[in-house]
Amino acid sequence: MKNRLSKLSGNQAFWPVIIFLTIILFNTILTGGEFLSISIVDGHFYGRIIDIFRNGGKLMILAAGMTMVLATGGTDISVGSVMAISGAIACSIINGNLFPQLGGSVAMAIILAVCAGIVCGLWNGFLVSQIKIQPIVATMILLVAGRGIAQLITSGKIITINSDAYYFINGGYILGLPFPLYIVLFLVGLLLLFVHRTAFGLFLESIGCNQLASKFAGIKVNRFLLAIYTISGAFASVAGLIESAGIKGADCNNAGLNIELDAILAVAIGGTNLMGGRFSILSSVIGALIVQSITTTVLALGVPAAYIRVLKALLIIVICLSQSGKFKQYAAKLVSGKKHVRKEAVAL
Amino acid sequence: MKKRFLGALLSTAIVVTSLAGCGSAAPANEAPVQTATIENEETPKAAAPDSSSDGKLVVGFAQIGQESGWRDAETMSIQNYAKEHADEVELKFADAQQKQENQIKAIKSFIEQDVDVIGLAPVVETGWDQVFAEAQDAGIPIILLDRTADVDESLYATFIGSDFIEEGKLAAQNMAELIGKKGKIVELEGTVGASAATDRKTGFDEEIAANYPDIEIVASQTGDFTRAQGKEVMESFLKSNPDIVGVYAHNDDMALGAIEAIKEAGLKPGEDIVTVSVDGVKGIFEAMVAGEANCTVECNPLLGPLFFETAAKLKKGESVEKWVKSVDGVFTQDVAKDAIDGRAY
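The listed protein sequences correspond, in order, to chains A and B. Here the first sequence stands for residues 1 to 348, numbered as in my numbering. Here the second sequence stands for residues 1001 to 1345, numbered as in my numbering.
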């Protein structure tokens, strides 16, 4: 039993799950059970937990893509702008401003928006792998320019559309559960299969640990980098579709604003080393749920607007501390007596 | 072969990036000086040199540039007024393309042309003292439109713009009307610290507290003026306070987000929960026509008539208030259908 527990706690996803459950528990107590309550409205589940999963959908997708990028020792800070581009393209096509010959087809809008994400990802990957620009600088180009491109597409206005089919991407329900959850399951499942059932994951870790050594070992590093940034771009465009579908429109100035930082935070909370190497996509996805639940917590507690950011920061500090090995050791020292410490020292 | 391919990719990339730069920084690359002053095409050119003597009101107006639908509507309003009253007024219009130096150049050229009144929507608040003083020395009054400048009050004649506190009060009165003067409501605030958010909250909260004791604002939270956050915050409100009857949003976009949240909660926006918001963008009119929104207090961009009336008064030497408040209209579902076609922004 003890053995099994220690094996479980050794899993990278163990602590993120514990943190997530703690936040839920904490909220449930503070709101007197209201937080956990789930009712059925119009034939679908309705409650704060459902909200976390639906609103966290886009972040979970971004975090999954971001994990792979970070695992190679790179970073992709352009995802928020790519979201804006994909939303702008999809909404412009649906309302007929862009490619009117498509007749506002929702399917074509989605396909072209994802294609745009792939092109953005290819661009990032090209800069990083071929031109050898540092990833943070390379992706900063799209971070700045991407929002501009999105504004060009919509001529700087917020586009409002009235398509129930498009709205389904965010607001739809299958078997009572929100549709974004199914998108997450599909994409993350696909990625997990790809990473763990092929040599892809192994090569990825190897690139993150040592690019040069991987190259000499015969891994085509540049192709891998290109592929990974492309996946990140494609995932970002899907997240952009979810976001814009939720508001039935494209808001280029605000769609995905600063979300790249949330995505990186989610990966960090998930325990993946930002310098590259070992990674866990599942942990990052749970990390994304934690980040989203912080927002939901702050709203549920009804904190005055001016304190929201500070409270969020405090929660993040606590979570990061609880993830730090050094801090855990120090805390253990404080809690237990000197005897324990000596024992630990011997053990170390 | 490979190199050539790389070169082609790079050059397309450069084009794309420079295009994008264009989008984010406005079309500033297109020779700003050339367009610093563009005379209104409709005005007869012969009248230009000695326009002050033939009794026409000559006004120079330095607009910020294209920035939002709201500003486009304001520009149209001013230009259309000048067109319609071509026999009384002459408009010299300058598009500053978001640059203060262009606005200063425009004002200087207006002073040289000896216009009667100068209008300005300042792109930034500071740095106007010298050019305003020059206009004052030349005896030309300056009207600030919709944005204020951080200068001594004596340097400009008047400011024409909306009173955000008044907008909040109007919203409160309409909310009270809609919910029968009693019930629990929630408030979606704008960006923390923005004057529009602070004042719209002050006006609304004070009016409710003073005149409607049976209305309770049970929750108030920032939605950052965006749809996505307006929706998320409203989702939370609906769970903590299932018995609310109304939502007041500091701008229409947050209200549009809130409407989606209300629908997801299985309630009917516009009936079960009424909405009152500020701005008057087209989207909220569409929602009102669909019966999903109830009321918007317009932050009026159609300042043309008021601007020229004030300018005419200044020319005649009549005194005007230091702050000419623009009249903000209130639109409800009843009038939305008739008004929607005329919405310019």
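Check each hint, because a few of them may be wrong.
As the list claims (entries may be wrong) - Just a few of them, taken from the derived set where beta-carbon distance is under 8 Å, the chain A residues facing chain B: (1) Gly32; (2) Arg48; (3) Ile49; (4) Asp51; (5) Ala227.
Calculated from the structure, these hints are not laboratory results. Bear in mind that the values here come from a model prediction, so they are computed numbers and not experimental data. The beta carbon of each residue, even a glycine, is placed where N, CA and C say it ideally should be.
Structure-based check of all given hints:
| no. | hint | result |
| --- | --- | --- |
| 1 | Gly32 | violated (11 Å) |
| 2 | Arg48 | holds (6 Å) |
| 3 | Ile49 | violated (11 Å) |
| 4 | Asp51 | holds (6 Å) |
| 5 | Ala227 | violated (17 Å) |
In summary, the structure is inconsistent with hints 1, 3, 5 from the numbered list given earlier, while agreeing with the others.
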